[in-house]
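Residue numbers (my numbering), protein chains in the order written: chain A, 3 to 957; chain B, 416 to 686.
Just so you know, the hints here were simulated from the structure itself, not pulled from any lab data. Be a bit skeptical, because a hint or two may be false.
Reference listing, derived: stretches of chain A covered by chain B, where coverage requires no fewer than 3 residues with Cβ under 8 Å from a Cβ of chain B [as the list claims (entries may be wrong)]:
# : stretch
1 : 48-54
2 : 101-111
3 : 448-457
4 : 778-785
Simulated crosslink set (DSS-like; lysine-lysine; CA at most 30 Å straight-line) [to be verified]:
#  : chain 1 : residue 1 : chain 2 : residue 2
5  : A       : 97        : B       : 527
6  : B       : 663       : A       : 779
7  : A       : 534       : B       : 421
8  : B       : 663       : A       : 907
9  : B       : 458       : A       : 779
10 : A       : 533       : B       : 461
11 : A       : 662       : B       : 662
12 : A       : 138       : A       : 194
13 : A       : 24        : B       : 552
14 : A       : 831       : B       : 458
15 : B       : 461       : A       : 138
16 : B       : 418       : A       : 531
17 : A       : 537       : B       : 421
18 : A       : 657       : B       : 662
19 : A       : 537       : B       : 458
20 : A       : 657       : B       : 527
Quick partial rundown of chain B residues pointing at chain A, CB under 7 Å, derived from the structure [stated by the list, open to error]:
#  : residue
21 : 477
22 : 492
23 : 581
We put the beta carbon where it would ideally sit given N, CA and C, even for glycine.
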Amino acid sequence: MYGSLAAGILKTCHELGLTAVKNVDVHPVYLVQGDVSDDQIDLICQELLVDNITQEYTFCELSDYAEPKKKKDSKYIEIAYNPGVMDPVEESTMKGIRDLGISSVLSVRTARAYYIDGRISAESQNILVSKVLANKLIQHIVKTEDRRKSLLLDHPDPECQVVTVPLIKASDRQLKHISQKGQLFLNLEEMKTIQRHFKKLKRDPTDCEMETIAQTWSEHCYHKTFRGTIRYQYEDKGRKKTKIIRNLLKSTIKKATEDINKPWCVSVFHDNAGVIEFDSDSHICFKVETHNHPSALEPYGGANTGIGGVIRDILGTGLGAKPICCTDVFCFSPPDVPFDSLPAGTLHPKRVMQGVVSGVRDYGNKMGIPTVNGAVLFDPLFVGNPLVYCGNVGIMPKDKVEKRVCKGDLVVVVGGRTGRDGIHGATFSSGELTTESEVVSSGAVQIGDPIQEKKVLDALLVARDRNLYTSITDCGAGGLSSAAGEMGIELGVRIELDQVPLKYHGLGYEEIWISESQERMVLSVPKTKVKKLLKVFRDENVEAEVIGEFTGDAKLEIFYHGLQVCDLDMSFLHEGTPKITKEAVWKPAKHKEPRLPKSPLLNEALLNVLGHYNVCSKEWIVRQYDHEVQGGSVIKPFCGVDADGPSDASVIAPKFNSRKGIAIANGVNANFGKIDPYWMAASCIDESIRQIVAVGGDVERIAILDNFCWGNPDKPDRLGGLVRCAQGCYRTAVGYQVPFISGKDSLYNEYAEGKKSIAIPGTILISAIGIIEDVDKTVTMDFKEAGNLIYCVGETSNELGGSIYYDTLGKIGRNVPQVREKKGMKIFKSVHSIVQKGYARSIHDCSEGGLGVCLAEMAFSGGLGATVRLDQVAVKGAMIRDDVILFSESNSRFVIEVQPRHQQKFEAMMKGTACARIGAVEATPEFLIYGIKQNVVVNTYIQDLKQVWQEPLQW
Amino acid sequence: MNKTVKVIVLRTAGTNCDQETAFAFSHFGAQVDLVHINALLRKEIKLEDYHILAVPGGFTYGDDIESGRILANELRFHLSTDLEQFVYDKKLIIGICNGFQVLVKTGILPGKTSEDEKEISTFPPQTVSLIGNDSGKFEDRWTYLKVDGHSVWTRDLPSIAYFPVAHAEGKFVLADKKQLQVLGDNGQVAFRYCTVNGRNPFYPQNPNGSFDHIAGITDPSGRVLGLMPHPERHFLFRHHPSWTRLKKQSSYGDGAKIFANGVWYVENHLL
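Excised from the complex, chain A in its bound form (with noise of 0.2 Å):
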């Protein structure tokens, strides 16, 4: 293990240009506090943390303790996770040393010793440090006089006194300083508002009133944005018009819902995910969440605790779902970039996507949830701010949707115990982000610990199947604060923070409670049943803790040793903010069409195309994913006959003995946003549903969830973009009758380097689940058989902009795809009606890259070749150019394998759509395109496409 991780280690200083270094090695240290004997350490590593078949090891008293004597040429340098940083290793190495029978060991700490061989300099070293082994906000360079230091986290608890904030006599000047000094990012209008509350109350808030106000205030937990009044600019026909707008959210996205009305959507936009109708028994809930600014500034931590957040969200839901699989999508800056181009503060995007992606494997892969399906983007404009996208799909008894906190029930925590680790990730959320926000936001970075989210799952069901809660809720973004505070919204609850489990002493009580330790829940209790619910938890190993009551009388009051430092009215809380109107301006952007080379060399430009990194394979990835695990994969991310192809949607059956299953896809596409975030918005539904089709789902029995991740709403572009989205997202949900049940935004991503600001490029994710009655009929997308008919069915328009083909150019034009959903549903109800009577050898979706991308997977990952006739494709116009049919991206379109003997059947059933046979399917790997002219315009062979499809990302 720690052979590879060095071999790693090595590899990234030789790209970095750090070529001096000849060899690392890599060893593990653990530092052991308590009264033991020699013997007793020689016990502990020879049985416990030594492997004796491939490791050996030595071990010394602190006080003896001295740096091995450098070799010349050689460097010895430690590195250890930060007082207060997760480390999960610590409580599993505490147990395994009490298994040895030893008790008097108090605690462990780890770090990681690296001798690095060749002549570096002191300004390498620092790179290496920085770049390679170590993340500061999380980590540190061991000094030997630091040592004993890092095993105490203890602290003296603060004395124990209620801090007032001074608010109702100060100035505007004043208010604004609270507000950034107590990082509560407060805008004056809200600070007013609090003040002339307390004006009213005729005293100071408390440090955790103002606390808890800035929390549930905060756009991550209010959305502050899309429920609020928009004043929205716009141009129709040449014509300036405004629009009042009072929120967005219900205006839009909740009324497509609404006029859609499906009968099996079960629990929509109101708990924490959406839960539609699976069958007769269960129900299926999902939810995306993201998770962009802690893995901007530590992409492991970041990506690890926005999944393990997400798949709480699951937990929460109704009485609690059971995870049966993620998908991720993320957006990164290229990874090739070279370092001195990037802004201050930022790092390196490969080092982003390394960290981001073994954070979702690590989290995922350890509870056992299998990763399924996602997307990768990649794209300049996020190289201060990736977008990391993490969303889990749970299912659970039909009875258990409904819940509901009754008067006198007791508040329960379970889980993890409470740090000081990941203070004020909400409001932290809700800012952009500075060249400073690493040293001034590290506190919200936090890591996971996968294994304690594991117990409180298999803990948490049991008690769920018992009965044993009325009501549950994750502590996510502001911790306690907002999850207690969101379940006594109507009775009110009462908090004892000196009952709350705590990992170290020392925590002061505002911040037990605004603390976003990981791995919580919290419950509502009966009295009656607090026993026997506790008990469940202590078999399977998890804290729980009784750490108040709903008290009926709708306020929020927390004391501390008999202290009270809270006492709000939930009225207030909830319903007090400021009613603020923001500026929305819509200006169609001015990009223009290309001029396109006369003749140009299609077969090149297909290799481009499917070398693009947004096209090219992300095998790396997926393979670091369990996507099997829990044994109900049907089809998994990859397909073929060498399961190396990418499929549309993952399908999987969740139930052992039942055929009845879920397909999980993704829309997802920055570049048509900036051409027109409508169509982005339409495309990106459209994608995701006809990924579902593709695998044989049903149009009438897909859901969808929206997550918006957008630049500063305070600057009226940036919301114009927004509104314009939002307002795609209507039109076609409606179009295609496909609901919406959950969604999330993330705004302020952008990043401020001195006056510059980089926005991201405004960015949806549409999320669809689908269900799938018999999950035995479904579809791969490679083809199967030689002599098998290929037909393309929808119209392909001259659609080029933001298209993969326009970047390879370094365009990106003006025609961006649009959806037109009569046609559109047209196609998907045909295409799933041939799906069921076995007429689709194998279909696949076109989307990046176009018709041609999609025939080109389609043959390679089949292991058989194509010819095909691009006269015989359906067009929209007069189409007089090849390149415009290979590569226009075109929504609603579909390439499908028929065998000859159902030619006729299939080609009856899709009559009144643009289905037209373009070629066959060929035994030999010749891969040849035919243009308009009857010319050949591509001719390769499918090895060859591979390949470049196969490499940029090969890592």
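Given the coordinates of chain A, work out where chain B should sit on it, guided by the hints.
The following block gives chain B in isolation, referenced to the frame of chain A:
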């Protein structure tokens, strides 16, 4: 004991392939209990009441320190007598993935060098190990496996089976290379990674760099099996990664036979 085949699927913090493993046994008529190790430690449940012990895949205790170590120690230091009796009683044990790592680190596998049936003896110290993949990372991929040995678990398996692996620490290594000869002579090598045609593999057909391409071994009796690949993930025909290309001959995949064998053995030898 009545006439039911009883299987205990052992679980603890971080076990995660328990339910599909339980399903595989119960599908062939066994009565399967998912049992937390705490229940065994507290003696609420007794190992002796079962015929088959399955240690499923997962990341017990996060694979912290190294994979399988902490659970292995729990078994060695707190349940060794029960386990030794279990093996002495000619009952069956299977460890899959993390379970294999656990069995190796307890010394149950490869076990005593020769089968001494006369008395109960303690398991020998660990002699083989499963360490970090050469690729340096967790990988989920399908592997072809040449079936060898004389284990009851592998009876009537196709000569080349197809199972997925999903692990970060699956490289099989030995303390002493001479052991390889012994394992071979005893018929203790149950699975070796191979190419689709049964030839010697390179990466990624050998996904982790295992010595002699070893993917799974048994104890000398063949009744204790440990393997890195997941037979329970090729239980059904549609688990095959290319099932949409294949003609359906049976609703089972290659892995089902292993679980059927376990149940069959108990029915014919222990009931």
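Quick rundown of the hints versus the structure:
1. Only residues whose C-beta sits within less than 8 Å of a C-beta in chain B count toward coverage, and the stretch 48-54 of chain A has 5 of them, enough to reach three; the restraint holds.
2. With a threshold of 8 Å between beta carbons, the proposed coverage of the stretch 101-111 of chain A by chain B holds, since 3 of its residues qualify and at least three are required.
3. With a cut-off of 8 Å between beta carbons, the stretch 448-457 of chain A has 5 residues touching chain B; three or more are needed, and the interface restraint holds.
4. Counting residues of the stretch 778-785 of chain A whose CB lies closer than 8 Å to any CB of chain B gives 5, so the stated coverage by that chain holds, three being the minimum.
5. Note on residue 97 of chain A and residue 527 of chain B: the hinted pairing holds, with a Cα-Cα distance of about 29 Å set against a maximum of 30 Å.
6. For a cut-off of 30 Å, the pair hint linking residue 663 of chain B to residue 779 of chain A stands: about 12 Å separates their Cα positions.
7. Between residue 534 of chain A and residue 421 of chain B the alpha-carbon distance is near 29 Å, which keeps this suggested pair within the 30 Å criterion.
8. With a C-alpha separation of about 24 Å, the suggested pairing of residue 663 of chain B with residue 907 of chain A holds against the 30 Å cut-off.
9. A hinted pair counts as satisfied when its Cα atoms are at most 30 Å apart, and residue 458 of chain B with residue 779 of chain A does not qualify at roughly 48 Å.
10. Restraint check for residue 533 of chain A and residue 461 of chain B: the C-alpha separation of about 26 Å stays at or below 30 Å, so the hint holds.
11. Our distance criterion of 30 Å between C-alpha atoms is met by residue 662 of chain A and residue 662 of chain B, whose separation comes to about 21 Å.
12. Proposed proximity of residue 138 of chain A and residue 194 of chain A is contradicted: the alpha carbons are some 37 Å apart, above 30 Å.
13. At roughly 22 Å between alpha-carbon atoms, residue 24 of chain A and residue 552 of chain B fall within 30 Å of each other, so this suggested pair holds.
14. Under the criterion of a C-alpha separation no larger than 30 Å, the hint pairing residue 831 of chain A with residue 458 of chain B is inconsistent with the structure, at around 58 Å.
15. Annotation: proposed proximity of residue 461 of chain B to residue 138 of chain A is violated, straight-line Cα distance about 50 Å (limit 30 Å).
16. Between residue 418 of chain B and residue 531 of chain A the alpha-carbon distance is near 38 Å, which puts this suggested pair outside the 30 Å criterion.
17. In summary, the hint linking residue 537 of chain A to residue 421 of chain B is supported, as the alpha carbons are separated by about 27 Å, within the 30 Å threshold.
18. For the hint pairing residue 657 of chain A with residue 662 of chain B, the CA-to-CA distance comes to about 24 Å; that is within 30 Å, so the pair holds.
19. For the hint pairing residue 537 of chain A with residue 458 of chain B, the CA-to-CA distance comes to about 17 Å; that is within 30 Å, so the pair holds.
20. Straight-line distance between C-alpha atoms of residue 657 of chain A and residue 527 of chain B comes to about 40 Å, which puts the hinted pair past the 30 Å bound.
21. Annotation: residue 477 of chain B was flagged as interfacial toward chain A, and the flag holds, the nearest CB pair being 4 Å apart, inside 7 Å.
22. Given the 7 Å rule on beta carbons, the hint for residue 492 of chain B holds: about 6 Å separates it from the nearest Cβ of chain A.
23. At its closest, the beta carbon of residue 581 of chain B sits 5 Å from a beta carbon of chain A; the interface hint therefore holds under the 7 Å criterion.
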